[in-house]
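Protein chains in written order, with my numbering: chain F, 1 to 176; chain R, 1001 to 1277; chain W, 2001 to 2585.
Accuracy of the hints is not assured; some may be wrong.
As the list claims (entries may be wrong) - Think about it this way: if two alpha-carbon atoms lie no more than 35 Å apart in a straight line, the pair counts; the simulated DSBU-like pairs of lysine-lysine are:
(1) Lys2453(W) to Lys2443(W)
(2) Lys1010(R) to Lys156(F)
(3) Lys1134(R) to Lys1255(R)
(4) Lys1182(R) to Lys2437(W)
(5) Lys157(F) to Lys48(F)
(6) Lys2552(W) to Lys2392(W)
(7) Lys2394(W) to Lys1010(R)
(8) Lys1010(R) to Lys1182(R)
(9) Lys1255(R) to Lys48(F)
(10) Lys112(F) to Lys1255(R)
(11) Lys82(F) to Lys1134(R)
Claimed, not checked - Estimated spans, in silico, between C-beta atoms of each pair:
(12) Lys157(F) to Glu1142(R): 38 to 44 Å
(13) Ile59(F) to Ala1232(R): 57 to 63 Å
(14) Glu1142(R) to Leu2409(W): 28 to 34 Å
(15) Gly1266(R) to Asp2154(W): 31 to 37 Å
Keep in mind the hints are simulated off the structure, nothing from the lab.
In this text, a Cβ means the ideal position worked out from N, Cα and C, and glycines have one as well.
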Amino acid sequence: MTGDAATRLIETAGELLAHAYQMELEAQERYGYLADQMQMHNNVDLTKLFRELARVEGIHASGILEQMKDMQVPQIRPPDYKWSGGESPEVVDMGDMHYMMSPRQALLLALKAEQSAFEFFDYLLKSTDNQEIRHFAAEFAEEEQEHVELVLRELKKYPESDEPAREDMDPPTQQE
Amino acid sequence: MNIQKTATFKAGDYKSDLTPVWCPGCGDFHVLLSVTKALAELGTPPENVAVISGIGCSSRIPAYTNCYGFHGVHGRSLALGAGLKVARPDLTVMVMSGDGDGFSIGGNHFLHACRRNIDMTYIVMDNRVYGMTKGQPSPTTEPDWDSALSPGGTGLSPFHPLVIALASGANFVAREFSGDIKGSTRTIVEAVRHPGFSFVEILSPCVTFRPDEREWKNQTHAAAVEATDDPARAARRIMTDDGFNVGILYRGHRKPYETHVKDTAGDPAVLEEEFAI
Amino acid sequence: MRAPGHLKKSISFAIIGSGGAGALTAGAILLETAGKAGWYGIMNRSVGPQIRGGEAAALVRLSTHPVNCMAESFDFVIAIDWRNADRFAAEMPLAADGLAIGDSAGGDVPATIVASGVTLAQLAMKDLAGSVKGGRENMIAAGLAAKLAGLPIDSVMAVIEAKLASKGEEAINASRTCISIGAQEAERFEHSFHLDKPVPGSARRWLITGNEAIGLGAVRGGVRFAAAYPITPATEVLEWLAPALTRVGGALVQAEDELASINMAIGASFGGRASITATSGPGLALMVEALGLATASEIPIVVVDVMRGGPSTGIPTKSEQSDLNIAVYGCHGDAPHIVVAPLSVADCLFTAQWAVHLAEAMQAPAIVLSDQSLGQARALVDRPADIAFVGKRKVLESEVEATYHRYALTGSGVSPMALPGTAGGQYTADGLTHTTKGIPSSKESDHQNQLDKRRHKIESFDYGNHWADIETSNGAGTETQFTILTWGSLAGPAREAMHILAAEGIAVKLLAMRLISPFLKQSFLDALQGSQRILIVEQTHSGQFHEYLRAKCDLPGEVRHFHRAGPKLIGPAEICTRIRDWKTS
């Protein structure tokens, strides 16, 4: 999800903090939910990976919460968040899941998510004159860039050449 | 119309602890998310919402919500919901099922639910296949889709649920794509708020039996024209629909079903008077 | 007309006519008249397949005491015309000293009636009616019948005035004139069939059909929602409930089919309202899947089956008891539920009310097996006593702190039900086998536990004395030579047979079952203590009731079985014949 006109509507630093916090929160929730799905479908590797990603996003969220303590941060209704889609840029789309997904495939999705998050802040940085907002936008953009690096490093552990040709040999089962 | 006093609820308040057994990648995850976001926006307490379903993958949804739920038998969810809403008009009744449950075995009830116009919301998660039973064509499947039960495709024209809903008298007709969370949420909120029978078809890809439906995120597009309250205009528009227009098609003004229940409950003792000799 | 000699305890007559003659109206007027004069009675009707204008017979029995079935023979028949009357001949066997009066312009007397040896007479009812402006033949017939039966003519007039009030003065006067003419004509006949004084009954009496009584019983039991799909002969239950429910704050919805009506009722019940639907055999067949759902998800529901001739479309306008199997066994899987059967028109009220109580108490389906012979019969009855049975569901009272288990395993098997709107009680009702929390499960222990729970709650419930009516003709505790064992609507003919036999010195016990399922084996066997000769009586072709009993227990003593499909209802006389034959064999 790329930055767009919506982000230009962020008017105060407090509002930006609220968005940044919500992004981490949603990412944490989403990775947790994906971990549950993978656990339900017995994909051990991805269960572990998503739980770890959820934990890390949780740390990010706590960090931002600390920052917010001394600031004026507005209460924003869920539909009023200024991202263009229905969800924050940093969440992995559930529609991209597959029960036999490999860690590499999952990390590529995580990479996309972190890149979208970076673009959100980068766009804001480039399009606002508000100094306070710029300050925080730059900070968050840098952090997201670090997250991108993190994911890239992780990806090195799963080179493309090692990707197994995964196939479920069992037929689908009827349930009802 | 069920406008409850607005309390602060989050989408998470409407989700239960149960992890869905849906295949990862299933569009129904998005629908669940949109429904919970919509309910949070509406502010109806979870205990005042009833999610009624039939049989099928999408019909598993009630247990994944934190609302009252009824996982009924195949094809009869609209009847369950109708009885519940008439008996308990104070509740927000959401009937949710799939294209097989809703348009095949449930077809007759679909016609009459639109006609009866009881104030409730019907969301059909349309994946154009029978997923639960391993991949047979449904009434909305393309005629050339090959399957074990219909080799080479059924050769039958698929149902056009929006046309049927409009023709049968539904008061609110819309289509969404599950991947568009924002659009789906917004439409569901409006559907619930709109009085009478609201029908929303949500195209919801089946990752296991219709991997080709991943293309839907590129094929669905906002309809070129605005919603209308003129059934004739809506009818013209929908007859040329390519099946991928999303948005609200029709918002009607029919009065919702009335039960003529008198406000004061009389004493049953008066009922025997006609038999006295 | 000769003055009446021997006053009778019961007289029966038929008024028949076709093409809109109004035979059924005439019969109803006479029944009501008798009621106002203090007598009891019952009226059945028999009709041809036409919606209107067909052949119709009003079959009326008047009596000094409450009666629950047609008598063994008819005293007189008045035929406005004889067209297609063959259709009814078997249902109105005429007594040897009876009278058949017909209009010669209205076709030939049926051969069976000629052969019966009754006195045949002519009366030109059409001409007589024609002589009065706006005159109707059925009013001529009514006046004639009233006089022959010894009913006070001015009572007839009063009933006419009330009935025709909306038609205007002219119509009322024309009818009054025709009544008088008919009564006058009665003088020509040697015969009269007068009733003895009625037994002192209740000061408050009703004229009601079985179907209406079912509706009233249901509402008294607490039903406030009904879903309706019309079917013969049950439609009147629903048509009575439609306005009645709105008067007590309830609602009826007409559904598109039986699949919708049963599911609507279940949905309403899920929401906390006691709910009902009514149908006949073909409709019950469609509802069976949903009954399984209500059983598995433990949702109370009452389904009335007004039985008719089966199988398949069968004979929609005739009575039979052949839905016992589908009512008891119809669901797939093991799905214990309640099946009850009213024993008379008046008992329709009690049994329906009781069924609501049972369904609500046990959170399960209760099927009420009425039949056409009760449902569409109009009877004069003592006003039934008020009974305390009101549906009381065990409901989760308030917001819960701890986790709520909808299907918790309890001592009685009944677990509190959270109604939508109760915070903290949210659960998903499911036909899938589930844990105590209601989560779908395929585990053996969960399946076993829930099956045990649902069976236990039905089988351990205290049904009191209402499971059957047990009577002896010679006073309780004394020896009886025979037991007549039956269920549902045949209680009436069986009871009458018992009294006839008692008068002949044959002591008989009657065991008429009201609760069919669950089968209370111990109570049943206790009731048959000392019974050495048992005659099982039922209106089925295959003997469903007999087989059911044999499957459930070892019947004591010697057992004989009298069963027949409809449409000819088993009557007291036939039951007596079989007992007498058995006595001498």
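Hints versus structure:
no. : hint                                 : in the structure
1   : Lys2453(W) to Lys2443(W)             : holds (16 Å)
2   : Lys1010(R) to Lys156(F)              : violated (38 Å)
3   : Lys1134(R) to Lys1255(R)             : violated (41 Å)
4   : Lys1182(R) to Lys2437(W)             : holds (34 Å)
5   : Lys157(F) to Lys48(F)                : holds (15 Å)
6   : Lys2552(W) to Lys2392(W)             : holds (30 Å)
7   : Lys2394(W) to Lys1010(R)             : holds (32 Å)
8   : Lys1010(R) to Lys1182(R)             : holds (15 Å)
9   : Lys1255(R) to Lys48(F)               : violated (54 Å)
10  : Lys112(F) to Lys1255(R)              : violated (48 Å)
11  : Lys82(F) to Lys1134(R)               : violated (40 Å)
12  : Lys157(F) to Glu1142(R): 38 to 44 Å  : holds (42 Å)
13  : Ile59(F) to Ala1232(R): 57 to 63 Å   : holds (58 Å)
14  : Glu1142(R) to Leu2409(W): 28 to 34 Å : violated (49 Å)
15  : Gly1266(R) to Asp2154(W): 31 to 37 Å : holds (36 Å)
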